[in-house]
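4 protein chains.
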Amino acid sequence: MADYVYGPGRTHLFVPGPVNIPDQVIRAMNRNNEDYRSPAVPALTKTLLEDIKQIFKTTTGTPFLFPTTGTGAWESALTNTLSPGDRIVSFLIGQFSLLWIDQQQRLNFNVDVVESDWGQGADLAVLDYKLRTDTSHTIKAICIVHNETATGVTNDLSAVRKILDKNRHPALLLVDGVSSICALDFRMDEWGVDVALTGSQKALSLPTGLGIVCASPKALEASKTAKSVRVFFDWKDYLKFYKMGTYWPYTPSIQLLYGLRAGLDLIFEEGLENIIKRHNRLGTATRLAVEAWGLKNCTQKEEWFSDTVTAVVVPPYIDSSEIVKHAWKRYNLSLGLGLNKVAGKVFRIGHLGNLNELQLMGCLSGVEMVLKDIGYPVKLGSGVAAAAAYLSNSTPLIPSRI
Amino acid sequence: MADYVYGPGRTHLFVPGPVNIPDQVIRAMNRNNEDYRSPAVPALTKTLLEDIKQIFKTTTGTPFLFPTTGTGAWESALTNTLSPGDRIVSFLIGQFSLLWIDQQQRLNFNVDVVESDWGQGADLAVLDYKLRTDTSHTIKAICIVHNETATGVTNDLSAVRKILDKNRHPALLLVDGVSSICALDFRMDEWGVDVALTGSQKALSLPTGLGIVCASPKALEASKTAKSVRVFFDWKDYLKFYKMGTYWPYTPSIQLLYGLRAGLDLIFEEGLENIIKRHNRLGTATRLAVEAWGLKNCTQKEEWFSDTVTAVVVPPYIDSSEIVKHAWKRYNLSLGLGLNKVAGKVFRIGHLGNLNELQLMGCLSGVEMVLKDIGYPVKLGSGVAAAAAYLSNSTPLIPSRI
Amino acid sequence: MADYVYGPGRTHLFVPGPVNIPDQVIRAMNRNNEDYRSPAVPALTKTLLEDIKQIFKTTTGTPFLFPTTGTGAWESALTNTLSPGDRIVSFLIGQFSLLWIDQQQRLNFNVDVVESDWGQGADLAVLDYKLRTDTSHTIKAICIVHNETATGVTNDLSAVRKILDKNRHPALLLVDGVSSICALDFRMDEWGVDVALTGSQKALSLPTGLGIVCASPKALEASKTAKSVRVFFDWKDYLKFYKMGTYWPYTPSIQLLYGLRAGLDLIFEEGLENIIKRHNRLGTATRLAVEAWGLKNCTQKEEWFSDTVTAVVVPPYIDSSEIVKHAWKRYNLSLGLGLNKVAGKVFRIGHLGNLNELQLMGCLSGVEMVLKDIGYPVKLGSGVAAAAAYLSNSTPLIPSRI
Amino acid sequence: MADYVYGPGRTHLFVPGPVNIPDQVIRAMNRNNEDYRSPAVPALTKTLLEDIKQIFKTTTGTPFLFPTTGTGAWESALTNTLSPGDRIVSFLIGQFSLLWIDQQQRLNFNVDVVESDWGQGADLAVLDYKLRTDTSHTIKAICIVHNETATGVTNDLSAVRKILDKNRHPALLLVDGVSSICALDFRMDEWGVDVALTGSQKALSLPTGLGIVCASPKALEASKTAKSVRVFFDWKDYLKFYKMGTYWPYTPSIQLLYGLRAGLDLIFEEGLENIIKRHNRLGTATRLAVEAWGLKNCTQKEEWFSDTVTAVVVPPYIDSSEIVKHAWKRYNLSLGLGLNKVAGKVFRIGHLGNLNELQLMGCLSGVEMVLKDIGYPVKLGSGVAAAAAYLSNSTPLIPSRI
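Chains as they are written, first to last, in the numbering used here: chain Y, 78 to 479; chain R, 78 to 479; chain A, 78 to 479; chain B, 78 to 479.
In isolation and in its complexed conformation, chain Y is listed as follows:
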């Protein structure tokens, strides 16, 4: 098998997904197909469904492992809980929330789009107003991305829950956790999230191919009456097979199931809280580097800083896509492009998934060299030094090696 674009050494993968897969997971997936109707696959699936709940911090939720991507997981969340024409409130704060809203509209929901500047979080004051004034409860759901991958903005979901509670509003809370779950602090039960979803290729550090959806009891209840047309993404078929103990209404990827098993084992070995801390460490280090370079974070306020992706604003005289192109062509470094409104204006550093400090330092050093090559007057070593000063103080010893 040819590699189309061979360069020596390892590719430095720092797009905000798909992310680096740990070797243990690659190994676990290195296998032939199996009969998914033998007793082995349901036995494996059972452990996965049980354990994945910990990642969502839920004990009452029901997880679904769809053979799909995040886009499919979105569709599953919406069509199982809502009926055509249903009014929903949805926050537009970047390219991925935009795409989800586009999907919501094409699925014939009646979407109240609440837009913010790209770089800002969801405008929760508007939400409060809308809920307060919606005394007849025409709003059926609130749709929000926990972390907008295009701008590196993390929304405050506990605040959303508080607003819903304060207004005693029964709307469902549907959360895109694609670039947050298993990396940022996410608490499905505590925050009363009704549907949360993510994709395997993000913080879970697997290949693309699993759209993981978790439904609260209230969401499951809603699915019984939701009239949106659905078959492939229908929870009902899954629930039927869960009951039978065979779990799969259609063929799953054997490889991804074993990969997920290995991935969860690693996650539990490191500890979810330690993973969240590690992401905070890497996010902070990245932001310190950006600051040291004299560049601006696309995220406008600290409260929205994302620990999984940093969108870096370049000066007007630089085309950020040239940075991305150059990084790949010279340094074997994959960075994220600016998308849509911020195309050409930002580039993105993904720092999520199975990643450690020195991998990030290699990336940050590469960004410095690219910036210099491209004509930005960066002081080489400045960002790396700022990040190192922070990391050398905060990085714990690896527990298994003490």
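Calculated directly from the structure, the hints in this document are not laboratory data.
There's no promise every hint is true.
[To be verified] Result set (DSBU-like, lysine-lysine): computed pairs, CA atoms no more than 30 angstroms apart in a straight line:
#, chain 1, residue 1, chain 2, residue 2
1, A, Lys313, B, Lys313
2, R, Lys422, R, Lys378
3, Y, Lys301, Y, Lys130
4, B, Lys123, B, Lys354
5, Y, Lys134, Y, Lys243
6, R, Lys373, R, Lys449
7, Y, Lys301, Y, Lys320
8, B, Lys295, B, Lys317
9, A, Lys449, R, Lys449
10, A, Lys449, R, Lys354
11, B, Lys456, B, Lys418
12, Y, Lys313, R, Lys422
13, A, Lys402, A, Lys373
14, B, Lys295, B, Lys243
15, Y, Lys373, Y, Lys295
16, R, Lys304, Y, Lys320
17, B, Lys373, B, Lys402
18, B, Lys320, A, Lys422
19, Y, Lys123, R, Lys418
20, B, Lys313, A, Lys422
21, R, Lys373, A, Lys456
22, R, Lys402, Y, Lys123
23, Y, Lys301, Y, Lys207
24, B, Lys418, B, Lys449
25, B, Lys449, Y, Lys449
26, B, Lys123, A, Lys418
27, B, Lys449, Y, Lys354
28, B, Lys123, A, Lys402
29, Y, Lys373, B, Lys456
30, B, Lys301, A, Lys418
31, Y, Lys313, R, Lys418
32, R, Lys304, Y, Lys313
33, Y, Lys373, Y, Lys354
34, B, Lys301, A, Lys304
35, B, Lys422, A, Lys313
36, A, Lys373, A, Lys130
37, Y, Lys378, Y, Lys456
38, Y, Lys317, Y, Lys301
39, R, Lys295, R, Lys134
On the provided structure of chain Y, position chains R, A and B as indicated by the hints.
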């Protein structure tokens, strides 16, 4: 990573999908994620989209590689070409055509179900009648499985085309080629198939995860006006990204793309016609063994014999699911269960994908031993002998080794 | 990477080594290099050295994992225990004992070669005579292959021990267990074996690359005065690093260490006694097939029958190498050639390592077809039937699946 | 399979061997065993033996791929060309030349040890003197390491050749190229090297397991009369099988053969001269970083600077082994220990094999953090900045991506 059900030696995988993956494909997939927005992935995708057309025997079709399963591919075929309420004719001849019909009905099409006995092919006389009498062309599509995986019945698609042509009927021809394409003779262009589809885990011999859909120009045209709600499965989004040359509206599985590349390379090395011949050889050998055992093929007439799966009818005093269970428990042999109407009555031998003669002989010998263990008065060696007599005459030398 | 000789489906590997590697081991080896001076590799090595002793059935032996092959393991066994000019008794019963004797002579030992017909076991009467008459104990070592891979002859090691004991002779007992250890019943301590050795690519079912040598306390003592020149194969260097707890005087293969760990885990899961029984089952089945074909076993008496390899004598009008060639060219089946004296006269079926009943049945069926193709009047199915009759009665359920 | 010491993210492997294996090679090795007596393995071997000569820059040499390590390759080089008692000149400049000399002495050669300070190159003046005064040609061979891995010292082999030529001395020139060949400029034919050797786990970037030895015609001639006892390492057996076209006197590792094929393909794609330049780039960058940290290179003069490994001298108040331990425990960074005379005084950065600029930057940044953690007053970012300033000017675009 534990294996839940370890047994020594290789598992003999003879379910009619997912099938054995060639080592070359397993190797090609043994890799980290990559940025799918770098120039490398579109370059790879371009070759895949071009080459996959050969598997469908089409030059005019447009292929889509959905990150989904066959069930999703069904949904994509239907929702992109039809509108709710559209009348379609669909043939119920086994469990998989049943499931597709269930999907069609849930997607709100108006389905004329044409049922046959399980073990028989589609009743084309009824089709002829329906088309002949449908002078106002209320029938928008004919839905048919090329090969019913539950009963081992192959339908005659060229006859379907002839009936459509004879009646000058403009209905679309939508074909489930899940257990046929890349194994049986399938000719999209010649037979005027409008949408053909398969799944990666069948004759293509990959893991589950790609729902491969190929649309004729007429189907593409239909998609412009089809009113079925769709987002994830919408061809329009793909076509938009095809035009841009980036190919993917959302994240593909990097591993499956490289796997498909390796798989296609193997297919072209062996030659599609040789692959079809090999499947005929293995199918014939299996049928000869079944005959020698004194058992009946679920497929009622030779014209419907399937070269990818053989459903074997067991005597009334035997529960076929015991055969499947026992094969797995004692001989590490995975056979297919009888499904729905034929549950307990048939077991299935899948003989499709990257498989050779001696692998099949191991399976056939295993079936003999299971039959004996379970109390059926089989003459040990009888089926293997019948198969061997045929195969030793018909198996060609391996070209690369001459 | 091109495959030079691609054929569809799985290659049926039935040479008596290298043998099939279980997927679990292939997975475990699918990894990058590691620093073998970090604490991780010694920790791993410690478990390997401890656990490998079980395979030799020794508690007092000291194992060495040389990065070499069986040939190197031979050299290590000899040079660490003997001095140039030392008199040794060595049995010539086939190509591999011949090669070992050649090595012994080139290493300047004074070898009493005790030759038997190829197809017979070691002539222990001669041994008895030699020991009895060697009152001055000029014989320093007895060298014997437990299982001669060229002819499928298993020697009776407990008888050798009894002869030594009866004659109260202090000669060292050096045993080539290359095609026996971990497949046949081998008891280092009970039989008073002083050096036993095997290669990773045989019954341990790993890739080639580890020459595993196990030394009794008496052998270790002998190594202190043995004057044969040695460096790479010197036990002394290993013992020095064992003491330091770093284990490796030079770089080991990280991949093989992890592979061995995974391999041992599988062996212990199945159970060594069960593995020995499985080999007996597969050996018996093979011999029944050979008999049913009307062919002769190269092994002349039942007491020497080998459960790891069967050498089949072909009629004089057939060249056995044509059988091997044809099997590979048409059926993707790898059989063993006849070597040296029996070249052209026998072909060999290896039935050792991680292998199960149906894999063997595929092979036996393939041999039948080859025999027929090549002009031998075999009754197709006869061998398979004989083997199946035996196996269907004797194969136990897979414990993990009950 | 447990990993004994799991830490999140990728391990940063910067010991001077074993080095990082490219993914393409890992993939190529991810396979079952094969019959090495089938026509496929000789066909593959033939290409390897032909192509490996390019790595040695020889057209007249004969390569051998021993299933062993560098230590075994040493032994093969010596025992095939020399007889016990032969006088040889050997240079002691660090731990690996020391170990080779120890081997030479244990193999009963009469070694003139020419010692230098650790950190200096071979004393060629002494060589000149010895050769000049050896009019009766009692010196049979000169043994020299091209690159001493313990101190990061590269010897000038062309100077050695000139001294031999000047003195018209017929001594064989035996070169340990373990940490040089395929990374540093090495010219077997031009420099009249008689035996050159390396190990697969060094610059070839494979797992441990191949000791690659290349013999000049003069060395081959010498092997015909050399009286050192040898069997496993004997060239004669290989040459016999070369002649027969089956190539292997005993079982090779199938996996390593395919791995070497993939590795060579990558080497030729990048180009050997580009690889040498890349190593010079990474070596220079490392030395600039060391300088910026205010630390000394163990290598005392620029003429001996090594582009594959840098040994860094730490201040007397620091134990360098603490640096190595800490790097591994906190940053998942594997550095090389100081060995023997320089134990505790130096740590080593290996920068050889399939490695790129940003991988090195991650390492250098890690070293900075470790130095700070351990109490050395390093300016964070200083070394990285110095390296980056150099690299951003000198790193070429990746050819396949232009």
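When the structure is checked against the list of hints, which entries are broken? Sort them ascending. Going through the list in order, the structure violates hints 15, 16, 36 and respects the others.
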